[in-house]
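Asks: Given next are the chains, with one letter for each unit.
Number of protein chains: 2
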Amino acid sequence: MGIRYTEEYPEVKGALSFDMEKTLFYEQTPFQKIEIVETPGFGRVLIIDGFIMLTEKDEFVYHEMIAHVPLYVHPNPQRVLVIGGGDGGTVRECLRHKSVAHVDLVDIDEAVSRACLEFMPTVADKLLSERVTCRFEDGVAFVKNCKEKYDVIIIDSTDPISVGEGLFSPEFYQDCYNLLTDDGILVNQSESPSWLPELVRGIYLKLNKLFPKMFFFNAHIPTYPSGHWAFGFASKKYHPVEDFQLEKCLADNLDFRYYNADIHRAAFALPSFFREILRETE
Amino acid sequence: MGIRYTEEYPEVKGALSFDMEKTLFYEQTPFQKIEIVETPGFGRVLIIDGFIMLTEKDEFVYHEMIAHVPLYVHPNPQRVLVIGGGDGGTVRECLRHKSVAHVDLVDIDEAVSRACLEFMPTVADKLLSERVTCRFEDGVAFVKNCKEKYDVIIIDSTDPISVGEGLFSPEFYQDCYNLLTDDGILVNQSESPSWLPELVRGIYLKLNKLFPKMFFFNAHIPTYPSGHWAFGFASKKYHPVEDFQLEKCLADNLDFRYYNADIHRAAFALPSFFREILRETE
Numbered sequence: 416m417g418i419r420y421t422e423e424y425p426e427v428k429g430a431l432s433f434d435m436e437k438t439l440f441y442e443q444t445p446f447q448k449i450e451i452v453e454t455p456g457f458g459r460v461l462i463i464d465g466f467i468m469l470t471e472k473d474e475f476v477y478h479e480m481i482a483h484v485p486l487y488v489h490p491n492p493q494r495v496l497v498i499g500g501g502d503g504g505t506v507r508e509c510l511r512h513k514s515v516a517h518v519d520l521v522d523i524d525e526a527v528s529r530a531c532l533e534f535m536p537t538v539a540d541k542l543l544s545e546r547v548t549c550r551f552e553d554g555v556a557f558v559k560n561c562k563e564k565y566d567v568i569i570i571d572s573t574d575p576i577s578v579g580e581g582l583f584s585p586e587f588y589q590d591c592y593n594l595l596t597d598d599g600i601l602v603n604q605s606e607s608p609s610w611l612p613e614l615v616r617g618i619y620l621k622l623n624k625l626f627p628k629m630f631f632f633n634a635h636i637p638t639y640p641s642g643h644w645a646f647g648f649a650s651k652k653y654h655p656v657e658d659f660q661l662e663k664c665l666a667d668n669l670d671f672r673y674y675n676a677d678i679h680r681a682a683f684a685l686p687s688f689f690r691e692i693l694r695e696t697e
Numbered sequence: 416m417g418i419r420y421t422e423e424y425p426e427v428k429g430a431l432s433f434d435m436e437k438t439l440f441y442e443q444t445p446f447q448k449i450e451i452v453e454t455p456g457f458g459r460v461l462i463i464d465g466f467i468m469l470t471e472k473d474e475f476v477y478h479e480m481i482a483h484v485p486l487y488v489h490p491n492p493q494r495v496l497v498i499g500g501g502d503g504g505t506v507r508e509c510l511r512h513k514s515v516a517h518v519d520l521v522d523i524d525e526a527v528s529r530a531c532l533e534f535m536p537t538v539a540d541k542l543l544s545e546r547v548t549c550r551f552e553d554g555v556a557f558v559k560n561c562k563e564k565y566d567v568i569i570i571d572s573t574d575p576i577s578v579g580e581g582l583f584s585p586e587f588y589q590d591c592y593n594l595l596t597d598d599g600i601l602v603n604q605s606e607s608p609s610w611l612p613e614l615v616r617g618i619y620l621k622l623n624k625l626f627p628k629m630f631f632f633n634a635h636i637p638t639y640p641s642g643h644w645a646f647g648f649a650s651k652k653y654h655p656v657e658d659f660q661l662e663k664c665l666a667d668n669l670d671f672r673y674y675n676a677d678i679h680r681a682a683f684a685l686p687s688f689f690r691e692i693l694r695e696t697e
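Taken in sequence, the protein lines are chains A and B. The opening residue of the first sequence carries number 416 in this note's numbering; numbering runs sequentially from there. The opening residue of the second sequence carries number 416 in this note's numbering; numbering runs sequentially from there.
Treat the hints with care, as some may be off.
The list treats identical chains as interchangeable, and a pair is accepted whether it falls inside one copy or across any two copies.
Calculated lysine to aspartate or glutamate pairs in the EDC-like style (CA-CA distance at most 20 Å, straight line) [claimed, not checked]:
1) K428 <-> E471
2) K621 <-> D574
3) K472 <-> E613
4) K472 <-> E691
5) K472 <-> E426
6) K428 <-> E453
Don't read these hints as lab results, they were simulated from the structure. The model shown is predicted, which means the values in this text are computed figures rather than measured ones.
Construct the entire structure; sequences and hints are all you get.
Replies: And the structure:
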């Protein structure tokens with residue numbers, strides 16, 4: 416009995432399913448199909464074009480890791496640009512850093528933020544902060560035309576298909592590079608090294624060509640395909656572990672649910688097969 | 416079209432499904448229902464009582480981590496006891512250590528080994544090594560009556576329900592403690608901290624009471640519930656990171672697919688919520 420939502424995992428000819436109680440939000444926008452459903456196992460779940468974007472149960476892993484890793488490496492991050500991330504979770508985490516004076520959020524689809532503000536306020540409500548400017552426009556065009564500089568750019572994109580595709584292109588990465596200050600850091604969600612190694616490798620080759628320092632870090636995100644997720648860390652100056660601001664992190668003593676100083680350093684240790692993905696020559 | 420196998424995840428009211436091509440082995444033994452199926456996404460998959468035990472695609476993660484972590488902490492592991500693990504994957508990894516002169520494998524159900532020897536030889540065939548003795552009997556009774564000592568005990572059990580339940584009891588852990596040499600190490604598979612925190616906590620409380628040193632380490636295992644898996648490391652003398660045999664590990668230079676020296680140390684970094692599971696008082 417009951418309704419099950421199923422996300423297909425074509426890369427392994429499998430699927431993750433979960434019981435759902437009801438649909439709270441449904442909208443087919445010009446860009447994508449947005450749903451928020453209530454579930455007994457994962458709380459509320461944001462689904463875009465059939466892919467789980469976040470669940471209330473484990474969104475903290477993704478949002479803490481994508482935000483705090485770069486923000487505890489850069490010694491004084493003041494201006495942050497978030498591309499995608501209309502749900503607001505990444506912005507929420509960025510604002511926990513006192514040094515961050517301003518966050519620009521650029522998401523192509525205003526409906527995501529509207530839906531999350533209504534149905535996932537604990538994720539989204541920092542979008543309303545006066546330290547945040549939300550721009551609902553194309554991130555690819557924004558970074559091409561923007562004249563301001565950022566200390567940290569976080570690419571909090573959907574998967575590299577349809578609307579998210581441009582956020583994985585060399586031209587986009589080059590534009591981001593140009594927008595970063597001389598000691599700037601770019602972090603992006605980089606899919607599953609366990610199930611989509613070629614995709615991760617593609618991200619590596621593109622960013623490694625541009626940035627003097629390019630690394631990946633891992634996290635456990637149960638509701639993403641394989642549960643093994645990678646984030647890219649591309650940096651003009653700082654090393655993600657050697658330049659980790661340990662003392663600031665310990666002094667801030669923020670109440671994180673996933674991130675901590677040990678996790679920061681450990682997340683950059685890659686399983687051998689992941690190293691191998693990066694090592695192969697073209 | 417086609418057949419799908421589904422493993423239910425009752426803890427999150429969800430399920431993982433995967434396409435299957437055919438059943439290669441099926442047997443209802445006195446202990447459990449054993450199946451080996453051929454799949455397009457995960458290679459051959461061993462399923463016991465409806466739960467995925469291993470897949471050819473990712474068994475290396477589990478078997479490398481459960482074996483090499485203790486074997487690269489103990490400075491001279493010679494005698495190893497594996498409880499459960501009838502598929503042979505853990506034994507295979509143990510035998511890669513030259514110091515390991517003998518492995519006793521104790522699994523209650525001979526049919527698992529028979530099935531894996533026939534249909535998963537790359538996992539199982541080291542069960543036939545002359546350095547290995549397979550005993551198909553109850554592990555709980557074995558550790559109660561055994562008079563020999565071991566440097567390392569690896570509890571490679573099924574989940575703590577039905578046939579595997581006794582392998583999570585305080586009495587069983589006490590008997591294992593007694594079988595270990597004065598500098599012995601026990602490692603056990605400890606389920607998912609993300610989805611079954613109370614279970615992990617129960618393992619912690621029991622082992623922490625007995626052993627002077629008790630830690631957990633993590634690994635990414637996509638086909639286990641949540642993909643986030645914990646292993647217990649209970650030790651009479653050695654610290655899992657401070658006493659890590661880095662030089663031996665680097666000198667051996669074995670061709671691991673998941674494990675490496677960085678992963679060894681990083682695996683012991685626990686997400687904040689995992690620390691919290693252990694911190695709460697009874």
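Asks: None of the hints should be skipped; say for each whether it holds.
Replies: Hints, one by one, checked against the model:
For the homomeric pair K428 and E471, the shortest alpha-carbon distance between copies (15 Å) is at most 20 Å, but the shortest distance inside one copy (26 Å) is not. Taking the shortest Cα distances, K621 and D574 sit within 20 Å of each other inside one copy (17 Å), while across copies they are farther apart (43 Å). Only between protomers do K472 and E613 lie at most 20 Å apart by alpha-carbon distance; the minimum there is 16 Å, versus 29 Å within a single protomer. Taking the closest pair of Cα atoms, K472 and E691 come within 20 Å of each other only across two copies (16 Å); inside a single copy the shortest separation is 32 Å, beyond that limit.
In this assembly of identical chains, the alpha carbons of K472 and E426 lie at most 20 Å apart only when taken from different copies (12 Å versus 25 Å within one copy). Taking the closest pair of Cα atoms, K428 and E453 come within 20 Å of each other only across two copies (12 Å); inside a single copy the shortest separation is 26 Å, beyond that limit.
Going down the numbered hints, you'll see the structure goes against none, and every one checks out.
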